[in-house]
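Chain order of the listed sequences is A and B. Heads up, the first sequence is in full-length UniProt numbering, so the first residue is 1 and it goes up one at a time. Heads up, the second sequence is in full-length UniProt numbering, so the first residue is 1 and it goes up one at a time.
By construction, these hints were calculated from the structure, which means they are not laboratory data. What you are looking at is a predicted structure, and each value in this text was computed from that prediction instead of being measured. One or more of the hints may lead you astray.
Said to hold, decoys possible - Keeping only pairs whose Cα atoms sit at most 27 Å apart, straight-line, the calculated DSSO-like set for lysine-lysine is:
id, chain 1, residue 1, chain 2, residue 2
1, B, Lys268, B, Lys184
2, B, Lys184, B, Lys300
3, B, Lys152, A, Lys48
4, A, Lys52, B, Lys292
5, A, Lys52, B, Lys300
6, B, Lys273, A, Lys5
7, B, Lys268, B, Lys300
8, B, Lys128, A, Lys48
9, A, Lys52, B, Lys297
10, B, Lys300, B, Lys273
11, B, Lys228, A, Lys48
12, B, Lys152, A, Lys43
13, A, Lys43, B, Lys228
14, A, Lys5, B, Lys297
15, B, Lys268, A, Lys5
16, B, Lys297, A, Lys43
Said to hold, decoys possible - If you want the footprint, here are the derived chain B segments under chain A, 3+ residues with CB under 8 Å:
id, region
17, 117-129
18, 272-282
Unchecked claim - Quick list of the computed label-pair ranges, beta carbon to beta carbon:
id, chain 1, residue 1, chain 2, residue 2, range
19, A, Phe31, B, Ser105, 30 to 36 Å
20, A, Leu44, B, Ala162, 46 to 52 Å
21, A, Ala30, B, Tyr76, 51 to 57 Å
22, A, Leu14, B, His187, 50 to 56 Å
23, B, Asp81, A, Phe31, 48 to 54 Å
Even for Gly, the Cβ is constructed at its ideal location relative to N, Cα and C.
Take a look at the letters that make up each chain.
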Amino acid sequence: MANQKGALEGFYRLIMRRNSVYVSFIIAGAFFGERAVDYGVHKLWESKNIGKRYEDISVLGQRPVEE
Amino acid sequence: MVGGGVIQQILRRKLHSPSLATPVRSWLSSKTAHVDAGSSGVRAFALLGAGVTGLLSFSTVASADEAEHGLACPDYPWPHDGILSSYDHASIRRGHQVYQQVCASCHSMSLISYRDLVGVAYTEEEAKAMAAEIEVVDGPNDEGEMFTRPGKLSDRLPQPYANESAARFANGGAYPPDLSLITKARHNGQNYVFALLTGYRDPPAGISIREGLHYNPYFPGGAIAMPKMLNDEAVEYEDGVPATEAQMGKDVVSFLSWAAEPEMEERKLMGFKWIFLLSLALLQAAYYRRLKWSVLKSRKLVLDVVN
């Protein structure tokens, strides 16, 4: 699957030779990765829900009329 | 009934016999053959019984009676259907207006507080003003007396009746249920409530509903105590949307869906994010497992036999 020049091989050489490097990569990757995923999912959510947000209510701020 | 057993035997024949060319003839001959052989006869009987049970259980499943469950309601395309779809918050605001002006005279929503509406349908000032319009009984003062005060954000939405008995007395023995969780408390709740609210019609020929009840095919039994409440122009929306019966039904069901499941948007975001991340973690775990096992999987074993 992974030959000498494959991308996985390079990944292994860089990250997975020492367990300390591996674990550090996972922790740092989790922190920044979660920030990136949160940002990306939020952007996707906003693009799919245009006009439906609370902020998009047109009459926001005008007190509702009690009948 | 016999079909189940027949299918089982044909399958068994196909698995056991090398020739698939004449399944029917071999099945006919196998029938007598299995009766003769002792243990395989018991197996045939057991498989026949399993087939019969399976077929019988199918017949009892799907016969939902319309009189028992009401007319099956259609699936409406709600704006919040879908993995990444939020509520339509403008619809929630209009739906709350419909609830307040049409439904709140009989139905309580005692699990919703005014503060829940802030950031969802109203600003904090609007919600405070709405809460201040109601009178709330508050706990004993320094003299030990209960007193009434204007409502605050932390107060629950007001109840039209003091208790269930009062509600039943005012409505001919029928209790208007609390609507805080109604879309979760009824099967297929959102579609059911919309179909019910917009489904009032004249009963078909031959069906008579007693005085005090109304015909609604979606209500189990067909006779519901609530009259038709949504009529065109019953409410005047603040944002100018025409208040047709269907529009009011849609908005009030959006409001009720939010009331029952206010966490839906956060839940969908969380679900999407974590299913995505855990799929990546699965790939990582698979790679790591194969990495660690590669030592063993690539070893060579030599069988050294000395005669």
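Item checked: Pairwise beta carbon distance, Asp81 (chain B) to Phe31 (chain A), judged against the given window 48 to 54 Å -> 34 Å, violated
Check: Do the alpha carbons of Lys268 (chain B) and Lys300 (chain B) lie within 27 Å of each other, as the hint requires?
Finding: 50 Å, violated
Margin query: So if I understand the rule, the pair passes when the alpha-carbon distance is 27 Å or less; does Lys52 (chain A) with Lys300 (chain B) pass?
Written below: Since the Cα atoms of Lys52 (chain A) and Lys300 (chain B) sit roughly 63 Å apart, the hinted pair is violated (cutoff 27 Å).
Margin query: For a C-alpha distance cap of 27 Å, please report whether Lys297 (chain B) and Lys43 (chain A) respect it.
Written below: At roughly 44 Å apart (the allowed maximum being 27 Å), Lys43 (chain A) and Lys297 (chain B) break the hint.
Check: Would the pair Lys228 (chain B) and Lys48 (chain A) pass a check requiring their Cα atoms to be no farther apart than 27 Å?
Finding: 36 Å, violated
Checklist line | Given hint Lys297 (chain B) paired with Lys5 (chain A) - CA-CA distance at most 27 Å | finding: Distance ~22 Å between Lys5 (chain A) and Lys297 (chain B) Cα, so the pair holds.
Margin query: Can you tell me if the region 272-282 of chain B counts as covered by chain A, using C-beta to C-beta distances under 8 Å and a minimum of three residues?
Written below: Three-residue rule met by the region 272-282 of chain B, so holds; n is 4.
Check: Do the Cβ positions of Leu14 (chain A) and His187 (chain B) conform to the proposed distance bound of 50 to 56 Å?
Finding: 55 Å, holds
Next item on the list: Quickly compare the C-alpha distance for Lys184 (chain B) and Lys300 (chain B) to 27 Å and report which way the hint goes.
Entry: With a Cα-Cα distance of about 60 Å, the restraint between Lys184 (chain B) and Lys300 (chain B) is violated, given a limit of 27 Å.
Checklist line | Given hint Lys48 (chain A) paired with Lys128 (chain B) - CA-CA distance at most 27 Å | finding: 32 Å, violated
Check: Does 51 to 57 Å hold as the CB distance between Ala30 (chain A) and Tyr76 (chain B), or does it fail?
Finding: At roughly 41 Å between Cβ atoms, Tyr76 (chain B) and Ala30 (chain A) fall outside 51 to 57 Å, so the hint is violated.
Margin query: Need the status of pair Lys273 (chain B), Lys5 (chain A): alpha-carbon distance at most 27 Å?
Written below: Violated, because 33 Å separates the two Cα atoms, which is more than 27 Å.
Hint compliance for this structure: hints 2, 3, 4, 5, 6, 7, 8, 9, 10, 11, 12, 13, 15, 16, 19, 21 and 23 are broken, all remaining hints hold.
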